[in-house]
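**Q** Read top to bottom, the protein sequences are chains R and U.
Using my numbering, the letters of the first sequence map in sequence onto residues 23 to 312.
Using my numbering, the letters of the second sequence map in sequence onto residues 8 to 382.
For the record, the hints were derived by calculation from the structure and aren't laboratory data.
It cannot be assumed that every hint is accurate.
Result set (SDA-like, lysine to any residue): computed pairs, CA atoms no more than 20 Å apart in a straight line [to be verified]: (1) U/LYS124 - U/GLY80; (2) R/LYS205 - U/SER137; (3) U/LYS330 - R/THR266; (4) R/LYS279 - U/GLY315; (5) U/LYS330 - R/THR91; (6) U/LYS124 - U/SER137; (7) U/LYS144 - U/ASP188; (8) R/LYS205 - U/GLU190; (9) U/LYS330 - R/THR270; (10) R/LYS279 - U/SER284; (11) R/LYS205 - U/LYS144.
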Amino acid sequence: MKVGLTFALGSLFLAAPHLTRAQGEGLQIPKSIAAGDGFSIQSAGNGKATLYIVGPNQVLERAIERGGTAFFAPGALQNAGHYLVVLKADDSAAKGEFDVVAANKPSELSFFARPSRLPIGLHDGITGAVYIFDAYKNLITAPAPVSFELSTPSGAKQTHVVVTRNGAAFTEMDSTAQQGSDKFVARVGDIASTRVVGQVPGDPCGIKMTAQPSGQQIRLETAPLRDCSGNAVPDGTIVTFTETYGETQTTVDVPLKRGIAQVDMPAHNGATLSAASGVVLGNQIHWEKQ
Amino acid sequence: MKKGWVLAASLMIVTVALVVAGTVWPIPSATAYASGQHLLQSSSTPEEAVNSLGEAIHAQAWEKAYLSLANRGQFTEPDFVHDLTGYYPSLLTYATLDHFDTRSLHSSANDADIQLKLYWSTVVGTSPVSRDLHVTKNGDQWQVEWPIQKVSVVPPQVIPVNYLRWDVIYRGAGDDWGMQDVEAPHVRIVDMHPVQRADGVMILGELLNEDVVPAYVSVSATLLGKDQSTLASAGSFDKISHLLLPKQVTPFLVEFPDRTLAGVTGIRMTPFSTLISASADPVIEIDNEQLNPAPGASLTGQLINQSGQVVNVAHVLGTFYDKSGQVVWIADRYVDTALLPQTPVPFDIHIPEDLARRISTERTTVASFSAGGVQ
């Protein structure tokens with residue numbers, strides 16, 4: 023069946039010059055329709071014929087009586103693009119063409135937000151790109167305003183409105199000084215898409231460590247670590263404690279738990295104790311017997 | 008037709024002759040693996056007694072090895088086996104003895120001290136273990152006194168752990184194509200330094216996880232020639248701590264064997280990172296780190312597992328700096344015994360003699376692996 027249809031369509035295309043001449047033989051076709059809309063094609067003459075509509079990813083075939091109107095229900099053609107119409111009868115053939123364009127009503131947004139996680143206080147650190155599609159996933163190329171809104175947990179908002187070009191709109195936003203999960207929303211009409219952007223604290227602004235005896239050992243403990251904007255450095259961040267005593271050294275990588283890092287180390291009189299996290303150094307303590 | 012019969016008969020005769028020869032005069036390695044009467048048959052000298060014990064360990068003939076010991080009344084056979092292969096799952100649990108060396112330390116008419124060096128073949132390479140054995144004469148035979156190492160037992164207790172863990176949810180197959188995936192961790196090479204060694208080019212450096220989530224990391228390097236053409240590419244393999252918690256730094260070493268820096272116009276470094284489910288425990292203290300000068304330059308210290316969880320394999324990485332703070336060498340060592348809670352385990356890392364003089368400071372890190380998951 024498919025082979026027969028292909029052969030017939032192939033024959034029609036090979037006979038294109040003839041069909042071009044036959045186009046004036048009474049096929050009335052709309053110049054363009056919106057994807058998913060119903061439409062009709064009127065033909066002249068009489069007798070049985072077969073109407074073919076060939077377009078992107080879709081072929082319609084219908085047996086009609088010439089001289090009448092063939093109606094196509096809404097949803098018959100869904101893919102935007104250029105379509106060819108061929109009316110084939112035993113004694114003649116006619117050809118026409120028309121366009122199916124995306125419906126103007128947005129139905130779906132594809133929203134790319136990058137990155138999903140970034141440090142606080144980055145200028146233009148967050149990017150958002152939107153592509154607008156109709157109900158049949160055709161890209162809507164007609165200009166449309168897109169509202170981008172980035173809101174922090176505290177309620178602060180940044181809003182940009184960008185008009186699409188060729189179906190896409192793009193914007194950049196700043197990450198704020200406050201850590202947390204921001205909501206990044208793109209909206210076109212009543213269609214919206216939301217992404218979550220995590221704003222995370224930067225490096226610790228400083229490390230303040232205290233030491234006190236703990237049995238036969240020294241208990242080292244940091245004050246709660248914060249970045250330079252006052253955000254708490256997240257738990258799990260590694261603080262490296264180092265004790266240098268004579269020619270020997272003791273080190274421990276300790277994760278922050280509940281905001282602080284704590285460890286017991288050997289008590290050596292005259293030892294130098296220090297703390298660091300990544301590239302940030304903390305204070306040094308010279309331990310003397312208490 | 009006749010030639011075929013002659014050939015078949017010849018092959019059969021040769022085969023039978025070889026079987027008979029192999030049975031009557033077996034080679035030493037075959038003897039070692041056999042559990043027959045050849046094993047442990049001769050202990051007429053201290054060296055023979057130790058060699059015989061080494062062959063029994065090589066053949067995993069534990070009972071024969073145990074029965075040959077002079078002090079076997081002090082411990083059981085399972086104690087002896089666990090002393091060799093570990094009480095808890097570790098690198099030695101699944102290792103086999105590749106070979107062994109002996110070295111006489113002291114000898115007299117009735118006793119001797121001999122060092123037995125066992126080279127265990129583990130999944131991460133050869134792991135040498137030395138034992139100093141006292142050998143005594145008993146009649147006309149010599150017997151080894153095995154220096155059993157009793158494992159210090161941690162008293163039963165409950166160690167509270169504020170368990171911190173990260174899990175990752177990636178985008179699903181059914182998600183919209185615009186849906187962003189979780190961002191890979193941000194890592195940064197904070198130091199990189201190529202050195203020319205006799206056995207090739209080494210790229211030394213350090214990598215920092217500057218993100219707030221754990222990262223699985225690796226580093227690859229590409230040597231570039233004229234016109235930016237690629238001369239060679241290699242990765243850090245296991246000369247790196249692959250799991251980096253937030254703000255943690257690992258050294259890395261990329262080796263290019265048999266390469267020289269001559270002709271290298273550039274080096275392209277490619278750090279790789281991806282999210283990984285991980286926990287912040289166990290915490291391992293590295294105690295008494297000490298740089299020992301040449302000859303026999305090394306970094307020694309002790310690992311103390313501060314958590315209540317048994318660490319099955321520990322990988323110690325040493326980063327060595329000169330006076331200006333530049334990385335001059337990176338070396339590593341796997342600890343072949345499990346780290347029990349609060350129990351010190353020694354380690355030593357060999358430092359090349361020619362570099363030992365230049366080394367001023369060091370930094371030691373530990374990557375750990377526990378049964379049931381990474382870290």
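**Q** Against each hint, give a clear statement of whether it holds in the structure.
**A** We went through each hint and held it up to the structure:
no. : hint                : result
1   : U/LYS124 - U/GLY80  : violated (24 Å)
2   : R/LYS205 - U/SER137 : violated (61 Å)
3   : U/LYS330 - R/THR266 : holds (16 Å)
4   : R/LYS279 - U/GLY315 : holds (17 Å)
5   : U/LYS330 - R/THR91  : violated (93 Å)
6   : U/LYS124 - U/SER137 : holds (4 Å)
7   : U/LYS144 - U/ASP188 : violated (72 Å)
8   : R/LYS205 - U/GLU190 : holds (16 Å)
9   : U/LYS330 - R/THR270 : holds (17 Å)
10  : R/LYS279 - U/SER284 : holds (18 Å)
11  : R/LYS205 - U/LYS144 : violated (82 Å)
In this structure, the earlier hints numbered 1, 2, 5, 7 and 11 are contradicted, and the remaining ones agree with it.
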